[in-house]
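Going line by line, the protein sequences match chains L and Y. When we follow the UniProt record's numbering, the leftmost residue of the first sequence carries the number 1, and every step to the right adds one. When we follow the UniProt record's numbering, the leftmost residue of the second sequence carries the number 1, and every step to the right adds one.
Rather than coming from a laboratory, the hints here were simulated on the basis of the structure. Do not rely on the hints blindly, as some may be mistaken.
Any copy, or any two copies together, can satisfy a pair, since identical chains are not distinguished.
Subject to a maximum C-alpha distance of 25 angstroms in a straight line, what follows is the list of computed DMTMM-like cross-link-like pairs (lysine to aspartate or glutamate) [what the hints assert, rightly or not]:
{"#": "1", "residue 1": "Lys61", "residue 2": "Asp44"}
{"#": "2", "residue 1": "Lys61", "residue 2": "Asp339"}
{"#": "3", "residue 1": "Lys345", "residue 2": "Glu71"}
{"#": "4", "residue 1": "Lys338", "residue 2": "Asp291"}
{"#": "5", "residue 1": "Lys338", "residue 2": "Asp64"}
{"#": "6", "residue 1": "Lys228", "residue 2": "Glu106"}
{"#": "7", "residue 1": "Lys338", "residue 2": "Asp44"}
{"#": "8", "residue 1": "Lys338", "residue 2": "Asp368"}
{"#": "9", "residue 1": "Lys228", "residue 2": "Asp339"}
{"#": "10", "residue 1": "Lys228", "residue 2": "Glu110"}
{"#": "11", "residue 1": "Lys228", "residue 2": "Asp361"}
{"#": "12", "residue 1": "Lys345", "residue 2": "Asp49"}
{"#": "13", "residue 1": "Lys338", "residue 2": "Glu123"}
Protein chains: 2
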Amino acid sequence: MPVVGMVGGGQLARMTQQAAIALGVELRVLASDPGDSAAKVVSDAPVGDHRSLPDLLAFAKGCDVVTFDHEHVPTEHIRALEEAGVAVHPGSAALLYAQDKAAMRERLTEIGAPCPPWRRVSEPSDVTSFGDEHGWPVVLKAVRGGYDGRGVWVVGSAEEAAAVMSEVTVPLMAEACVRFTREIAVLVARSPHGQGVCYPVVETVQENGICTEVLAPAPDLDPADAAKAQRVALDIATRLGVTGLLAVEMFETPDGVLVNELAMRPHNSGHWTIEGARTSQFEQHLRAILDLPLGSPAPTAPHVVMANVLGGTEPSVYPRYLHVMAHDPAVKVHFYGKDVRPGRKIGHTTALGTRLAHVRDRARHAADYLAGVIDE
Amino acid sequence: MPVVGMVGGGQLARMTQQAAIALGVELRVLASDPGDSAAKVVSDAPVGDHRSLPDLLAFAKGCDVVTFDHEHVPTEHIRALEEAGVAVHPGSAALLYAQDKAAMRERLTEIGAPCPPWRRVSEPSDVTSFGDEHGWPVVLKAVRGGYDGRGVWVVGSAEEAAAVMSEVTVPLMAEACVRFTREIAVLVARSPHGQGVCYPVVETVQENGICTEVLAPAPDLDPADAAKAQRVALDIATRLGVTGLLAVEMFETPDGVLVNELAMRPHNSGHWTIEGARTSQFEQHLRAILDLPLGSPAPTAPHVVMANVLGGTEPSVYPRYLHVMAHDPAVKVHFYGKDVRPGRKIGHTTALGTRLAHVRDRARHAADYLAGVIDE
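Next up, chain L with everything else stripped away, as it sits in the complex:
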């Protein structure tokens, strides 16, 4: 059986292990610590530094394919792995666009994918002229490294922009602050020989830059808009040469969809697929990077809702299982084996059914109770 090496030991690698167990594929994880979420449940989990090329090369030895649980491996190291003959999926040429937001915007603009107005900015006057042209506030983004609301600043004036830029040393870009109706996401998979599949479009509910809920499918989405969003995502996967999963986060606006962010790995917006689709995103990623035929993305219920469990102040979530499981024997609980820290994504819940409001209430209740936000 093939050996798949995943760089990074977070919950995405942890959940990939569930899929690897079913397929009989051997998963190896490069962990940063033996206590990493995935390292706890993978027998072959060497500890190493994903920023160290020697560590990466040692890790890749004996792997049939190397893939990623996050975007933080330096692009030049991925190129070096490829030059050393390692099969890396997604490859460096594609992954660059999930690592560098400015490169992503350039490329998407080039291929005609719908994007908000944007530009690279190096001094406050760049932001001022961009804001004066496209309107205030302006969204400033770190070109590399940001996620879950980090590395993003919304600035309302030239002064605020200057204040951010005096503090931040990394390259920045400016984007128009999109007046969106809601945020949606499209998950596609593409294999090296070019097969592609697309999951139903979902709505992602965000609070303070962190995804709190995913509604699958996105409620009341116009079928033409859904088809358009799926076409955009599949097209990006093809044109960028993505292998494995591609999650495309989008803004739904009155004028159509705009691409927000790209991720080339299993994604929070796809956790609902574990129970809610015939093929989970984790199995799909394995199938794609192994160049196996892709699995059916068909949903298993009319409505699926995933709610993230964010860490609260109680050190253990486990005592709260009792009430959640007694309250709703059909809700699914996922816990990532991570230490609880306030606001940290430590697990998620999934509910499935025919009535959206009810399904959403169930997932929400379980997540809120586990997080300690509610007590009944």
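Chain L is already provided as a structure; the job is to place chain Y on it using the hints.
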């Protein structure tokens, strides 16, 4: 999070790991070899002998609950663990009835569960008188240790019985050879504080004493018979004090159901629940032995069929994934990471849908192709 120790590193422990990962429960496995099916996918998998009390005591240290992947731990060792203060589920008093077929028949007869005629036999004349009373052929069974058709002999005459008994040194029992319509199985879970749940009754298709297919629910089963079978299984779980899963294999006969065998662990007849029920048998077993509220056993599709993949002559199944997955993107493939040996259970496939004949064809095709029985 609690630590669950499972004695035995086979595929049942392996699939339990998938459920443990979701719940955040830490699974520890006592493997007989580092290459065991489960040892490959569990980071905490010490090697030891399940027949050695010191090994069992060392393994149990730090476990919140100890449970089993098979029935082969000596009953006296389980009692010794309990006396040492280890929480063992199922406990020795219940597990005895899954280990000792004669003790099981005595107890089931006592509580009024429907059984075929049976008796302990120690010499050929016992079999002769039993056969003359209940009819020939007679089924001889090893009281302990048999499974998958091993430890079972169908004898047509006093001479054949004498021949078996001259070869076999273990205690035997005789059972009437039941003229059954088909074989069915009922899977229930019971927690220490007494909650019970029951999965839909399934049909188990056997060839040469090995289960080849499970049809869930059992097609065209009279609802009254289904309810009766479920009542019998739940009643056995309660009266025997089972904690965790109980699989009750039954014969369906024109006069009603008869109990054939008991297993107190996840069971081959329940593999369909991984995708086919809201709570998989593996998650259910963990919830039951941890005394968590039990999960919903509701099916996720009108028809679910599981087909076992038996080892053929090809050393690797993996090259056959290509055709199976391309042929049917919705069929689920499970491979246990075991070396292929002819006739060995090395994996299973699951199909779900609305038309039984079609669902069964799909699961069957995938399993047969993976096994090398067919080539298109």
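At most 25 angstroms between alpha carbons: which applies to lysine 228 and glutamate 110, within, between, both or neither? Within one copy, since 18 angstroms is at most 25 angstroms while 67 angstroms is not.
How do lysine 338 and glutamate 123 come out at 25 angstroms by Cα distance, when the copy is not named: within, between, both, or neither? Intra 40 angstroms, inter 60 angstroms, cutoff 25 angstroms: neither.
Between copies, within a copy, both or neither: which fits lysine 228 and aspartate 361 at Cα up to 25 angstroms? neither (29 angstroms within a copy, 36 angstroms between copies)
With 25 angstroms as the alpha-carbon cut-off, assign the pair lysine 338 and aspartate 368 to within, between, both or neither. within (17 angstroms within a copy, 41 angstroms between copies)
If the cut is 25 angstroms between Cα atoms, do lysine 338 and aspartate 291 qualify within a copy, between copies, both or neither? For lysine 338 and aspartate 291, only the inter-copy Cα distance (23 angstroms) is at most 25 angstroms; the intra-copy one is 32 angstroms.
If the cut is 25 angstroms between Cα atoms, do lysine 345 and aspartate 49 qualify within a copy, between copies, both or neither? This pair counts as within: shortest intra-copy Cα distance 22 angstroms, inter-copy 40 angstroms.
Alpha-carbon proximity between lysine 338 and aspartate 44, which holds within one copy, between copies, both or neither at 25 angstroms: For lysine 338 and aspartate 44, the Cα distance is within 25 angstroms both inside one copy (19 angstroms) and across copies (17 angstroms).
Homomeric proximity label, lysine 345 with glutamate 71: Cα distance no greater than 25 angstroms: within (17 angstroms within a copy, 39 angstroms between copies)
Have a look at lysine 228 and aspartate 339 and pick one of within, between, both or neither, based on CA distance no larger than 25 angstroms. Result: close neither inside a copy nor across copies, 40 angstroms intra and 47 angstroms inter.
Homomeric proximity label, lysine 61 with aspartate 339: Cα distance no greater than 25 angstroms: Close across copies (23 angstroms), not inside one copy (31 angstroms); limit 25 angstroms.
One pair to classify: lysine 61 and aspartate 44, alpha carbons no more than 25 angstroms apart. Within, between, both, or neither? both (13 angstroms within a copy, 24 angstroms between copies)
When Cα atoms must be at most 25 angstroms apart, do lysine 338 and aspartate 64 count as within-copy, between-copy, both, or neither? between (29 angstroms within a copy, 19 angstroms between copies)
Going down the numbered hints, you'll see the structure goes against 9, 11 and 13, while the others check out.
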